[in-house]
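Asker: Residue-level listing of the chains:
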Amino acid sequence: MERIGKLPKVFLAVVFIILYAPIFYLIFYSFNSGGGMSNFESFTLEHYAAVFEDKRLIIIVINTIVIALLSALLSTAIGVMGALAIYFMRNKKMRNAVLSLNNILMVSPDVIIGASFLILFTLIGVKLGFASVLISHIAFSIPIVVIMVLPKLAEMNPTLIDAALDLGASKKDIMKRVIIPFIQPGIFAGFFLALTYSLDDFAVTFFVTGNGFTTLSVEIYSMARTGISLTINALSGLIFIVTAGLVIGYYLLNQKLKTPFTGVRK
Amino acid sequence: MMKNNNLRSIYTIPYAVWILLFVLAPIGLIVYYSFFDLSGNFTLMNYKNFFSSVYLTLTISSFWYAFLITFFSLLIAYPTAYFLTKTKHKQLWLLLIIIPSWINLLLKTYAFIGLMGLYGPLNAFLEMIGIGKQQILFTDFSFVFVSVYIFIPFMILPIFNALDRLNPALIDASRDLGANSWTTFKRVIWPLTINGVKSGVQVVFIPALSLFMITRLIAGNKVITLGTAIEQQFLVTQNWGMGSTIAVFLILFMFIIMLVTSGNERGMKVNGKNR
Numbered sequence: 001m002e003r004i005g006k007l008p009k010v011f012l013a014v015v016f017i018i019l020y021a022p023i024f025y026l027i028f029y030s031f032n033s034g035g036g037m038s039n040f041e042s043f044t045l046e047h048y049a050a051v052f053e054d055k056r057l058i059i060i061v062i063n064t065i066v067i068a069l070l071s072a073l074l075s076t077a078i079g080v081m082g083a084l085a086i087y088f089m090r091n092k093k094m095r096n097a098v099l100s101l102n103n104i105l106m107v108s109p110d111v112i113i114g115a116s117f118l119i120l121f122t123l124i125g126v127k128l129g130f131a132s133v134l135i136s137h138i139a140f141s142i143p144i145v146v147i148m149v150l151p152k153l154a155e156m157n158p159t160l161i162d163a164a165l166d167l168g169a170s171k172k173d174i175m176k177r178v179i180i181p182f183i184q185p186g187i188f189a190g191f192f193l194a195l196t197y198s199l200d201d202f203a204v205t206f207f208v209t210g211n212g213f214t215t216l217s218v219e220i221y222s223m224a225r226t227g228i229s230l231t232i233n234a235l236s237g238l239i240f241i242v243t244a245g246l247v248i249g250y251y252l253l254n255q256k257l258k259t260p261f262t263g264v265r266k
Numbered sequence: 267m268m269k270n271n272n273l274r275s276i277y278t279i280p281y282a283v284w285i286l287l288f289v290l291a292p293i294g295l296i297v298y299y300s301f302f303d304l305s306g307n308f309t310l311m312n313y314k315n316f317f318s319s320v321y322l323t324l325t326i327s328s329f330w331y332a333f334l335i336t337f338f339s340l341l342i343a344y345p346t347a348y349f350l351t352k353t354k355h356k357q358l359w360l361l362l363i364i365i366p367s368w369i370n371l372l373l374k375t376y377a378f379i380g381l382m383g384l385y386g387p388l389n390a391f392l393e394m395i396g397i398g399k400q401q402i403l404f405t406d407f408s409f410v411f412v413s414v415y416i417f418i419p420f421m422i423l424p425i426f427n428a429l430d431r432l433n434p435a436l437i438d439a440s441r442d443l444g445a446n447s448w449t450t451f452k453r454v455i456w457p458l459t460i461n462g463v464k465s466g467v468q469v470v471f472i473p474a475l476s477l478f479m480i481t482r483l484i485a486g487n488k489v490i491t492l493g494t495a496i497e498q499q500f501l502v503t504q505n506w507g508m509g510s511t512i513a514v515f516l517i518l519f520m521f522i523i524m525l526v527t528s529g530n531e532r533g534m535k536v537n538g539k540n541r
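Chains as they are written, first to last, in my numbering: chain A, 1 to 266; chain B, 267 to 541.
Watch out, some of these pointers could steer you wrong.
[Stated by the list, open to error] In silico DSS-like links for lysine-lysine, alpha-carbon gap of 27 angstroms or less:
1) K6/A with K356/B
2) K152/A with K356/B
3) K152/A with K6/A
[Stated by the list, open to error] Under 8 angstroms between C-beta atoms, here's a sample of chain A residues computed to sit facing chain B:
4) K6
5) P8
6) V10
7) M37
8) F40
9) A49
10) F52
11) L57
12) V61
13) D110
14) G129
15) I239
16) V242
17) L253
Simulated from the structure, these hints should not be mistaken for lab results. Here a beta-carbon is modelled for each residue, glycine too, at the ideal position from N, C-alpha and C.
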């Protein structure tokens, strides 16, 4: 392999610095006792204290987490079912058509998803708020779960199912003991991505959230529109730690699960 | 194969309902609403309006910004991806490139409000080197810069995967046959990684057409994209008909872009997020 020269190294370093600078800039000023994101006066934790004292903000954080967990769980369940449905489809044309439909929400711009869901909810009478946000998050997370699970299903040797059938397993057993354990890494990956989709979403939520209900992204948006508040900085410090933890955890999990499949556990 | 129609229908139903309610119905509703005016009468005026100069200018400028954003993303992402494949622990470095894309989009955008503000570090730097304070925020430059910043990881990922799959023997062969670095790149590396580039362009261009949060926070309403127009019509003016009409065109553009950029392989690895 070619050795990497000096210029490429500098280039990569610059890209890394630019990618991380805004994040660390935010976190740095979260410790500023002065009011803004310039002129660092002295070190303080008061903005972090402010985050934990702000009841409204805490409720919003809890809302966001509840929505993320619930939507990830439900979309994983429906997504896995969808992947199974596609996997057992015999008609190739039909299967491709369903796959294309599946991918529409993945490539659709958020504004379109948000606007069309807004029309849908208004039409069928879903009150804008917790329910509409949760349903939207489930809806836009389902395709990614399908995409993560399908390759695992394709990897599975169909003779495994035949063997289980020959050995007298019921359909429920086959699902529980053969298929689900085999596709487990895909299910985990799908769940994780659904979680981050939900946590990160701004545009769709912005459209379908009513007056009473807010998630973190929407709240940060309205806070940022009124100007700089170091409470956001402190919040971003906390979010950064949680996100980095999640990503590293996911990475390690992935490394662990990538080990070749040797058999059904238990 | 299993012959279990009962079981199959049980797990097919929720997914089928999802497709009907959240994929097909929304598109249908958007198309349906595009034919109605503010007071609910059937009309083709929205379409006529779309072809008026106001909306045509908006569409063209939206495409121009999306083009700029995609172009600069590619310009930075390609060499980055290329050099990344040459590093020792490339998967780890790739992960480090991806991590910022997991940080909440709003927070990153908010950071730039501070960074580019009148008293922010960027202006302090400009003053230090003698250029003096500039209005950076609320300009075309800040809009394109922040958007490129947001989209770069999504551009790097597919290109990295394409480069990573490239057989190094092909490059050696090209060198042995007397091609210099540039010819090798132009004739061997680029054509073999074009699908990665296409995937990258697809995941950047379509969202870039429909940005609305960054235009509001960073460009201060100076830049209007198709996304901003839709948001404006739906949430501010409450003119769902016109908003839907713009959305119909955005969907059309999306399908055209997908047709143009879809390669033979559809194997995009999803390590980061496509948003």
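Asker: Give a verdict on every hint.
Answerer: Status of the hints after comparison with the structure:
no.: 1; hint: K6/A with K356/B; verdict: holds (17 angstroms)
no.: 2; hint: K152/A with K356/B; verdict: holds (25 angstroms)
no.: 3; hint: K152/A with K6/A; verdict: violated (41 angstroms)
no.: 4; hint: K6; verdict: violated (11 angstroms)
no.: 5; hint: P8; verdict: holds (4 angstroms)
no.: 6; hint: V10; verdict: violated (10 angstroms)
no.: 7; hint: M37; verdict: holds (3 angstroms)
no.: 8; hint: F40; verdict: violated (11 angstroms)
no.: 9; hint: A49; verdict: violated (20 angstroms)
no.: 10; hint: F52; verdict: violated (18 angstroms)
no.: 11; hint: L57; verdict: violated (14 angstroms)
no.: 12; hint: V61; verdict: violated (12 angstroms)
no.: 13; hint: D110; verdict: holds (7 angstroms)
no.: 14; hint: G129; verdict: violated (16 angstroms)
no.: 15; hint: I239; verdict: holds (6 angstroms)
no.: 16; hint: V242; verdict: violated (10 angstroms)
no.: 17; hint: L253; verdict: violated (13 angstroms)
Of the numbered hints given earlier, the model fails hints 3, 4, 6, 8, 9, 10, 11, 12, 14, 16, 17; all others are met.
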